[in-house]
Amino acid sequence: MGGIVGASKIKRALGLKSAKRLMHKNKSSLGANSAATPSPSGSPHGSVNSPRIKRPLTSAEIMRQQMRVSEHSDHRLRKTLMRTLVGQMGRRAETVILPLELLRHLKPSEFNDAAEYHLWQKRQLKLLQVGLVHCPLIPLQRSNSWAKQLREIVEASEMKAIDTGRNSEIMQTLCSCVVSLSCRGANGTPSDACHWADGSPLNVHIYLSLLNCIFDAKDETLVLDEVDELLELMKKTWPILGINKFMHNVCFTWIFFQQYIATGQVEQDLLGASLAVLAEVTNDVKKADKEQVYAKILSVAMNSIQSWSDQKLLSYHENFQSGGAGLMENILPLTLSATKIIHEELSSFEVMKDGNEEEVASTGATGNRVDFYIRSSLRNAFAKRLQKIANVVSSEVEENSSQTLLRLAEGTEELALEEKDKFSPVLKKWHPIAAGIASMTLHNCYGLVLQKYLADVSTLTNEAIEVLKRADKLEKDLVQVVVEDSVDCEDGGRAIIREMVPYEIDNLLSSLLKTWIDDRMKRLRECLERAKDTETWNPKSKTEPHAQSVAEIMRMARETVEELFEIPVGICHELVMDLVAGLELVFQDYISFIASCDGNHPRPSTSRGTQRLYIRLNSLYYILSHINSLDKLLVLSPRQKPLVQKHESNSGRYLAVSTSFFGHALSSIQTAIQHVSEVAAGGSRIFSVADHDMIEEDFDSLKRVFCSCGEGFIGEESVEKEAETVEGVLGLMAQYTEQLVEDFSIVACEVSGLGVVGSGQKVPMPPTTGRWNRADPNTILRVLCHRNDKIANQFLKKTFQLAKR
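Residues in the sequence shown are numbered from 1 upward in steps of one, following the UniProt record's numbering.
Take the hints with a grain of salt, since some may be wrong.
Straight-line Cα separation of at most 35 Å, DSBU-like style, residue types lysine-lysine; simulated pairs [to be verified]:
no.	residue 1	residue 2
1	Lys126	Lys9
2	Lys245	Lys79
3	Lys245	Lys429
4	Lys522	Lys469
5	Lys122	Lys296
6	Lys340	Lys236
7	Lys422	Lys384
8	Lys476	Lys422
9	Lys312	Lys296
10	Lys452	Lys384
11	Lys469	Lys388
12	Lys245	Lys9
13	Lys476	Lys384
Don't read these hints as lab results, they were simulated from the structure.
My request is simple: use the sequences and hints to build the entire structure.
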C-alpha cells in the first residue's frame, strides 16, 4: 500500500477539523521493525544504525498503531495468514476462521513464556465460543452436540493450555466443532458460507473497535486526516462481520457520539459529525430491509442517544449554563432525530425495545418532546431555586415564608428572563412558542407555592399583602411573555393561557379584607356587649362628660376606618359599604341601649334630675360628632365616592340634610335624643317642690350640652329660644301645690268661659292643646299630675276622679 496523501472528503462532509499532520514512524518503531524483520535485500546489515529514509505510513500500518498491536504480534498474524493460504490463493477471506487458524499455526515457542501463550490461547477459544455459541448468526439449540463439545474444550483450557499439535485429539475435535458450527445453514445442514464473527452483537462490538481507530491517539477529540483510507480498509471486514452500509452508518453515528462523551464532552465537532451521519441513517431506515438484527442495533443506538440527551435536556438550565445554548443546538436535533426514528420507523420493526415504550410514547413526537423538555427543565430549575432561597432565608432570619415567597418571585422572574434571552431562541426552532410554554410552567410552579403559603394565612398582614402584590406583578409579566410569544399563533396563545391557573390576587385580597373587617366588627361587638353589662353612666372625666364605653367604641370605629385605608391595596366600594354596614349596626345597637336605659333595665335607673341623663345625652352627641368625623374620613378617601342620602328629623330641629354613610344611625340618634330629652318622659316620674333646684341645674347643663356638643347643628340662639318654654314649665314646678291649684282653677275657668269659679262649682277639664306653656291650663294640670304630695292627689281625685299616683 502506498502513502496517504490529500485532504479527507469525509472530514469535510462532516465538518471536522483537520489534524494538520501526517503520521510517521517514530524511532522506537523503526528500531523494533529493523530488529524483527530482515531487510528487503536480505542483507544482514539491516539494523537500527542503518540509515533509512522515513516514509509515510500505509493505512494498514496506521491501523496497527491505532489498535496498539505490536509489530511482533503483527508479524505472527501475517505469518499465520501466509501458512493458511499456502496453496489456497483463491480462497475467500470470509471463509478463514482466524482464531482457529491462529491456534493451529502458532506454537508456544513463539511467545515469551508459557503463561503468555496460555492467556493468548484462552482469548482465541473464548472468541470462538462467543461467535459460534453465544452470538451465532443462525440460532443454535443448546442441545447441539458440537456446541457442547466446544464448551467442554473451553472449560478445559481454563486450567492449562490445550495441545494444539496436528495429531492432537482435542485439536482435531476443536476443528470439527468449529467447522461444523460455522458452516451451518438456516435449516442446520452444511453450507458453503462461513459464519463465525457475524452474529450480533459480537460483530458490532468488533466493528466499533475498528471504527475507534479513526481517532488520533495523541488527541482523541480529533479524527485522523487518513480516515477515508482507514474506512476503506475497514470496509473489507464487512463480509466477515456481516456489516452492510446501513449498519455501518448506525455504528458510525454511534462512534462519534460515544467519543464525544468519552472525551469529556468538550469537542462539539464530534457531536456535529454524529448528527450529520444520523441524517444518513434517517434516510437509510426508509430503505433498509426490516431485518431484526438491523432494527435491534438501530434501536439500541437510538434509545441510548435519546436517553443520554434526555438527561441533559430535562435539566438544560443546569447542564447548559455557561455558553451551553450552542451545545443545545447540536444535542436537540440529535435527540429529536433519534426520537423520530424510534416513533416513526422502529415502531414498524418487530424488535423488543428496552422496556421504555410507554415512557417514549408518553412524550409524543418532536414538538411535544421539546415541550416536555421545557416544562421538565423549568420545574427542576424552579425547585432548585426554591430550595436555595429557602436555605438562605432560614439562615438569615427565623423562618419567614413571606420572605421566601418574595425572593422566589424575583428568582422566578430571573429564570423567565434567562429562558427568554438564552434558551428560547434555540428552542423556538423546534417549538413555535417555547418562551410561552416556559412562562406558563413558571407561572404554575410559583402558583403552587403561593397556594401553599396562602393556606397558612388566616388574616391580612403587611407581609401577606406584599407577597400578593409581588405575585400579581409576576403573573402580569409572565402573561405578557406568553402573549408576545404567541403573536403568530392561530389562537393568539389562548390555549397556553388556559393552562395558566390564575392567581386571582384581587379575589384573594378581597377575601382577606372581608376577613379583616369581620374580625374588627367582632371586636366592636364584644366591646358593645361589655358596655351593656358594665356601663353606669358616670362621666369619663371632668373634661370628658360622656360615657367611657362610647369613647371606647368610637375610638375603635375610627381606628378601624383609618387602618382600612392604610392597607396598601385598592379598596373597592363594596368592601367600604360592608364596613359601613357593620359599623352602623354597632352604632344603632349602642344608641338603642342609651335610649332604653330609662325603662326596666338592669343598670341603675336614670331617674329625673340625675347626672346620668346628662351623660346619656352627651354620649349621643359624642356619637353624632364622631359619625361626622368618620364620614369625612370616608368621603376624603381618594378610593371612594360617598353615598349621598337625606335624613330629616321629625321636628326638623336637629338634622336637616346630611350627606352621610351612616344615615340610619343618624336617624336613630335623632330619635334617641328626643326621647332622652323629654323631661316628663312618661307617667312614672314624680316631682316635689324640693326637686326644682336640681332639675333647673340639670336643664342649665342640658342647654350647655346643646350649645357645645351640638356645635355645627344647633346655634346658641336656637337653644335659648327653645329653652324659653321649658323654663316656663320649670317655673311652675317651683310653685307650691296650693298656688298651682288656685292658678289652674282660674285659668281653666277663663278658658272655658265660666269666669270665676263659685263655691261648690266644678272646675272644667281643660282641652289638650299639645303645647307647653306656663299659662296653659293643660300644662299646669300636667305639672299637678306629676306633683308628689297629698294636696295634689286630693285635688285631682276630687275634681277629675284621677287615681292616686
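Status of each hint after checking the structure:
no. : hint               : result
1   : Lys126 with Lys9   : violated (39 Å)
2   : Lys245 with Lys79  : holds (31 Å)
3   : Lys245 with Lys429 : holds (31 Å)
4   : Lys522 with Lys469 : holds (27 Å)
5   : Lys122 with Lys296 : holds (30 Å)
6   : Lys340 with Lys236 : holds (32 Å)
7   : Lys422 with Lys384 : holds (19 Å)
8   : Lys476 with Lys422 : holds (21 Å)
9   : Lys312 with Lys296 : holds (24 Å)
10  : Lys452 with Lys384 : holds (17 Å)
11  : Lys469 with Lys388 : holds (23 Å)
12  : Lys245 with Lys9   : holds (18 Å)
13  : Lys476 with Lys384 : holds (23 Å)
The structure is inconsistent with hint 1 alone, although it conforms to all the rest.
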